[in-house]
Amino acid sequence: MAKIVVVTSGKGGVGKTTTSAAISTGLAQAGHRTAVVDFDVGLRNLDLIMGVERRVVYDFVNVINGDANLKQALIKDKRVEGLYVLPASQTRDKDALTTEGVEKVLNELAEEFDYIVCDSPAGIERGALMAAYFADEAIVVTNPEVSSVRDSDRILGILASKTRHAEQGKGSIPGRLLLTRYSPERVVKGEMLSVEDVQEILAVDLLGVIPESQAVLNASNAGTPVIMDENSDAGQAYQDAVARFLGEDREHRFLTVQKKGLFGRLFGS
Amino acid sequence: MPLNRQDARALDDPQPRHQLRTHPLEFRPMSAPAAAARPAALQFKGRMITVTVLRLLDASPEVLSRELDACLSDGSGLLAGLPTVLDLEALGEAAGGLDLAALATLLRERGVTLIGLRDSGEAIRARASAAGLAVLNVDGGRAAPRREAEAAAPMAAEPVRSLLVTQPVRSGQQVYARGGDLILTAPVSAGAEVMADGNIHVYAPLRGRAMAGVLGDTGARIFCQRLDCELVAVAGHYRLSEQISDAEREGPVQIRLEGESLLIEPM
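Chains A and B are the protein sequences, given in the same order.
Just so you know, we're using the numbering used here here: the first sequence kicks off at 1 and counts up by one.
Just so you know, we're using the numbering used here here: the second sequence kicks off at 1 and counts up by one.
This is chain B alone, in the form it adopts within the complex (with noise of 0.2 Å):
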């Protein structure tokens, strides 16, 4: 789930519309030489990371602990460290009554680490930063299909911007299309990471991370014309390398998602 846009410099250049912008492949803040009058004790980088989303069915501590302990006890530590984000909207009016820094301290000792609350409302604002949690506008698969009916309307009035990238893209690199499509004539190497808005047109083997609708358009496709990469993602939905099959990698592919599942479909 799209929690931070990514910072290219170059991508942020007020741009006419209509126009295919070509990239200079410069991405983030760097140490580099020409850079050493910027502060060297600081360096600001925008990351896509996953969250998970602990939604609570129940506001009672007893209950969770219970329930935390058991999902927790499978000895996989698969929970262990992953950055979490509580939804309390499923509780409605028992929320009122949650104590969100003992809640914040339980899952903190069965080693989950909370980095905040999905915004759910004025009132669990104010508590949770009393609280010392953030709160986070994440948008969850649930809430993208809305999205998408809203944003159909614009993208019919508006010509789609479109970044084009003739480059290879290589490790260590990100290259994301804001508003629009993505189109690459360049292989993306493995440890390279593309995002759009849109969607994702690699004319060239796709081995690193590609992930297209990252605002939430769960319309939006990744097209490549070979599939080996490490991960791809459609609006949040992700599927790894190891879930995608020798016969889905065949020849060129094109990746969409339908309902709750990502699919990937020889073209």
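For reference, chain A alone in the conformation it holds in the complex (with noise of 0.2 Å):
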């Protein structure tokens, strides 16, 4: 039974997409047969951070339409054994993701893989509704500033309401958050909020913490997902994280200011 994973945040631009890749690729290097659905058309991104972007021919909406089928659509990763990328359409709009469309292609993806990951777009319309609306759990994906906290607290909200898992009366499907872009050196000096601020204002299991990093947009540039920078904080972060949403017990890192040089000696901070 595949398990299928919405990473999103209300908020755009806090690294959705940067997640869904280092989490999709990760889970495909544990072994798990995993899909990565751009569900952002429109706006197509993944394919770049995965570094496909050359190869697509078709697209999630087509398969949606009938105009492919899935196996011509799906792009298979050449890094990482058993990793598959669904790009989105970059000349359609949302209003083409319909229900019915989404959960045949997800009941389909279900059928040969593990886990299926879908990239919300930003913002609580269309996308994002239908991103969410068939998950079983969601990484919610939010830097530490208190605009994005608060768009993360309204899709949490969401997301107890309007999955099919809340309208079956299930309740709410576990959310876990992800801090992205943190920088431990900022939050001392009061620049940004603590990882006990957000997670107190949340009120959600945190699932890692991600440093701010060159790394990232260097694979980003690079077309490579960062969590394959196994020498970089933010790609070993990632590791952690996948590791712990896979059920590991790891221990967070990053957390605090690292002594650096020289002047970390001197000063003993």
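You may find that some hints are simply not true.
Ranges between beta-carbon positions, derived for each pair [what the hints assert, rightly or not]:
#1 GLN225(B) x LEU217(A): 41 to 49 Å
#2 THR166(B) x ASN65(A): 40 to 48 Å
#3 LEU43(A) x LEU164(B): 57 to 65 Å
#4 ASP95(A) x ALA204(B): 35 to 43 Å
Straight-line alpha carbon distances no greater than 30 Å define the calculated DSSO-like cross-link-like pairs of lysine-lysine that follow [stated by the list, open to error]:
#5 LYS45(B) x LYS170(A)
#6 LYS104(A) x LYS170(A)
#7 LYS45(B) x LYS11(A)
#8 LYS78(A) x LYS104(A)
Hints were generated in silico from the structure; no laboratory data involved.
Don't be surprised by glycine CBs; every beta carbon is placed ideally from N, CA and C.
Starting from two chains that each stand alone, build the complex the way the hints lay out.
Okay, here's the thing in structure tokens:
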């Protein structure tokens, strides 16, 4: 039985697509057959982050409309065994995502895969609602700043009432928090909310904290999911997050200011 | 001042009394996938809005326009666009001579958004509809104490229904406990609204808006473990976050109405 995971946030630009790419790659690396689906119809980005933009022939909307079958549209990742990307359509809008169409595609994917990762668009309109509607579990991506936290709170409310799970009377789907672009230095200076602050406001379990890192930008530019950059702090933080997602108990890292060079030693910070 | 009731579907279900209902956290009509069969061009939503009541103490158009100009000329733009309801009660007999259509124009020219008239009798109703104005049954602070006395007897005879919410109330969600108390055991987020005809108890931080006694029960209270709210109100008398001092926010508090003022007291 495949598990459908939605990666969502409400606010744009917080790292949903980066996270979808990293988590799906991590799940595949752990040996689970994984498909990552871009729900951001009209603003397709996942293909770039996954580095498959030159291999897009058919897309999600083509499959919904029956112009292509799923096998034709799925792009096999060349680096990680068992990882596939279903790109969004760039020329259509989110109204092309019908409930029946999305359900049909997800059902078909569920026969082939262990995990289906749905990369939600920003906002709380149709695309985001469709990405979340069939999910069994949610990863809520949040930046440590007030507007992002409020939007995530809104999304958590929607997950509690507007998913199939909730409509069948089974309550909210489990949602976990992934805090991205975290900078302990700025938290110390009072410029950023701390993990504790965010967790207290949102009252959900913490899946992971991804430090602000140049590696994320480098990975996006290179079209390589950042989790594959094993030497980077962000890559390692995503690996921890995937391990926790799969039930492993790992301590949170990168939460405190790292001692750095001469100044760190001199001032004992 | 409540003009509109919340339309939480789950709350409209007839429930046996004497029973603590739990709330499925599903509040408003929505445009979610399952709602696809419903009309897409229309959405009905219950909303609480604050209206300004403009009491007229003189029926002469000249006096009114002069005084209005004086009020509005301070440059603050405070009244601009505020939904406003006219109260003609103080005019008594003189209300009969008032040209409502001209008065509406006068107000609109000055940027006051007139939505209607406070209901004060049959004669006014007919003339208001002729002038294209709504007639609203607005329970002001003055009317509330009378209502409370009337309400006391049935309240004692019949057990009060309470609504228990154990899930966090998130930004954008509304919970309304119709006819009774609202008890929350999880936080109320910034951007969320909790309302009750009776008291509101929050055994968690209150960060959103809380309105007790929305039907005008001035005896209603709000209790919370930590007051970090955007707005608290009892029977339409409200205080905004910026009107609450740091000292008043410390520790568990109760909020009640004494006369016209909203008191925040430590517990």
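Going back to the hint list, which numbers does this structure go against?
-> 3
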